[in-house]
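Engineer: Each chain, letter by letter, is given below.
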Amino acid sequence: MSDSMIIILTGAFVAGSCALLGSFLVLRKLSMLGDAISHAVLPGIVIAFLVTSSRNSLPMFVGAALVGVLTAFLVQFLSHRGVQGDAAIGVTFTTLFAIGVILVSHYGSAVDLDLECVLYGEIAYAPFDVIFIGDQSIGARALWVNGGLFLLNLAFIFVFYKQLKLSAFDPELAAAVGIPVTAFHYMLMGLVSVTTVGSFESVGAILVVAMIIVPAATAYLLSENLARMIGLAVLLGAISSVLGYEIASHLDCSIAGAMASVAGLLFSLALLFSPRQGIVAKAMSRRGLRRQVAEEDVLLWAARQRELISAEGFTMHELRDTHPDEIDRLARALSRLIHRGLLAADRDGFELTTSGREEGVELLRRHRLYESFLGDKLGYDTDHLHDPADRVEHYISPDDTTEIERVTEYPDRDPQGKPIPPSQKEKEKEKEREKESS
Amino acid sequence: MTGKRNAMEVHDLTVAYDRKPVLWDLDFTIPEGLLVGIVGPNGAGKSTLIKAALGMIPLASGWVKFFDKPVEDVRTEIGYVPQRESVDWDFPTNALDVVMMGLYGKLGWMRRPGKTERERAMTCLEHVGMADYAKRQISQLSGGQQQRVFLARALAQEANIYLMDEPMAGVDAATERAVVNLLSELREQNKTILVVHHDLQTVSDYFDWVVLLNMRQIAVGPTKEVFHDENLRKTYGGRLTIISKIADAVARDAPQGLR
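Residue numbers (our numbering), protein chains in the order written: chain A, 1 to 438; chain B, 1 to 259.
A portion of the hints provided could be inaccurate.
Distance condition first, Cα-Cα at most 30 angstroms in a straight line; then the derived BS3-like pairs of lysine-lysine [as the list claims (entries may be wrong)]:
#, chain 1, residue 1, chain 2, residue 2
1, B, K224, B, K65
2, A, K282, A, K29
3, B, K135, A, K282
4, B, K135, A, K29
5, A, K29, B, K106
6, A, K29, B, K51
7, A, K29, B, K20
These are computed hints drawn from the structure, not numbers from a lab.
Given these sequences and hints, build the entire structure.
Structural biologist: This is the structure:
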């Protein structure tokens with residue numbers, strides 16, 4: 001296996017492990033607890049190292065898992081004792097991390113642990129640290145360790161998916177049906193600790209946090225289903241790993257740094273372009289709404305003109321005279337209405353098409369029904385009906401219109417005495433009746 | 001009415017949050033097949049009573065039994081509906097999936113929900129008039145619809161006793177009607193239902209029995225007999241200062257709380 005392949009695979013395993021666990025942390029709003037644990041495990045590693053005086057992975061994992069669970073426990077303990085949640089996290093992990101720093105610096109040379117390496121990691125060295133069985137090399141240690149951790153995390157989530165899901169969505173029901181919610185919480189935290197230690201050498205403590213939170217947070221923006229969210233988080237982690245490696249080898253910069261930056265970039269893209277919650281999608285739908293409101297304003301006005309002065313068409317001039325402040329907005333709506341086939345233009349001006357007339361009358365009906373509702377049912381004064389109705393008429397659905405009609409007992413005229421046109425359905429019924437009688 | 005079991009028995013129950021007692025010396029029995037309202041002012045310990053009964057918070061003293069057994073032995077016979085606000089409705093899942101979660105308890109440790117569970121969940125959604133919304137992302141449901149999904153989930157649990165925390169809080173009239181119909185339907189199947197309720201106007205219409213609560217038990221019994229002005233005054237009146245003072249003192253001075 002080539003060196004770059006080892007590095008990319010190691011990165012992908014780390015990112016995958018982190019994404020699996022991170023998905024549950026993000027959903028349970030515990031992202032910062034992941035941050036805390038990834039720092040707080042330092043004293044656990046150092047003590048394990050001092051006790052066994054070897055860099056063997058197993059004691060380190062045990063030490064880290066114990067301190068990680070201790071961190072989760074202390075945070076819980078402090079917040080139950082009235083310490084603010086985020087302060088409890090801050091106090092716990094900085095203190096534990098500081099103890100770790102003291103241990104490393106005090107034992108100095110006795111501890112063959114490089115603080116720099118713990119903090120920033122160096123994935124580029126991954127291919128050089130090889131495991132031997134007898135004389136036979138079986139491949140890079142980082143690959144075995146992180147691959148193993150990935151499988152462990154995957155198995156944990158696969159086996160206990162049901163329990164983890166319910167504990168994340170509704171811990172109260174989970175507890176009520178007998179799922180040991182607290183035990184699962186600590187198991188999850190233990191796995192976060194162990195995964196962190198496995199990832200230290202490759203991406204370092206700080207970037208582990210990025211890998212835990214960022215791909216999961218990205219997937220959260222893009223998913224409507226938990227299983228897919230987890231899968232997507234793992235995929236995004238892997239993509240960050242591959243792209244990050246490519247970028248780092250082009251720019252000759254920190255590989256782990258590049259991987260985490262790609263993850264951050266992917267998050268920004270999701271935030272902008274997510275179909276449901278994305279900034280772009282929201283801006284588009286706001287623009288669509290503004291356009292719709294302008295179009296409806298024109299249709300409504302034209303329908304009213306027809307009724308008022310029985311004019312079949314109108315000119316730009318008339319539109320400007322009646323709406324001097326809004327003419328730009330409405331003029332832009334004209335061309336869209338023509339495009340939609342609701343309005344026709346000729347040399348003299350504009351005229352509603354049949355479907356345009358129908359839509360205008362329907363809007364008029366909605367507007368006046370709502371006025372009746374405000375006036376007759378809520379007791380608004382007659383001179384305070386138009387503006388409130390004008391503001392909300394665009395948002396009243398057909399169902400709501402039917403409901404309003406029912407509540408106001410099918411009025412013929414609005415409180416100002418203007419006729420409320422019949423609905424399209426009523427018109428059709430009328431025609432049917434005429435046909436039958438003839 | 002002979003031969004009825006006791007659905008729930010609360011014996012000398014005291015509950016404390018961080019050493020401060022919030023429920024004192026509750027002692028009552030609820031016969032099977034009743035629709036029971038739990039009524040009292042804010043902070044009276046209504047939700048706490050439910051959570052303590054389900055073993056979700058530790059008891060300072062006393063015990064609770066369902067059908068003469070401790071809660072651990074009868075979990076699958078108990079359906080629980082938490083307050084709607086207690087969960088994150090932005091969770092990536094749909095209505096059908098939430099209802100299926102009601103079946104997790106019965107599935108045991110290893111079995112996964114499959115086709116049977118999906119069909120069962122669908123039936124429950126139909127029952128509350130939400131079948132059309134089965135695949136809808138839960139964040140896109142209205143408050144009333146979310147509450148109905150929660151009720152469907154409780155139905156899916158096929159329990160014999162239901163504990164519901166304010167299922168009618170902040171819902172539209174249509175949902176409230178749906179809830180009430182569902183509750184009477186359940187009662188006709190001889191289920192027992194305890195409902196935390198906040199609207200005093202409707203208590204007499206909805207419930208056979210009431211539990212009047214304000215940190216201590218004011219009255220428990222048939223609505224006709226115990227839901228009267230004097231008991232309501234005791235429940236909502238300001239005569240609790242002594243008991244809350246003692247609670248504060250316990251929290252402050254007793255080294256281990258009441259445990």
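Engineer: Confirm or reject each hint.
Structural biologist: Going down the list of hints, with the structure as the test:
1. B:K224 - B:K65: Distance of about 26 angstroms is within 30 angstroms: holds.
2. A:K282 - A:K29: holds (24 angstroms)
3. B:K135 - A:K282: holds (23 angstroms)
4. B:K135 - A:K29: holds (25 angstroms)
5. A:K29 - B:K106: holds (28 angstroms)
6. A:K29 - B:K51: holds (23 angstroms)
7. A:K29 - B:K20: holds (28 angstroms)
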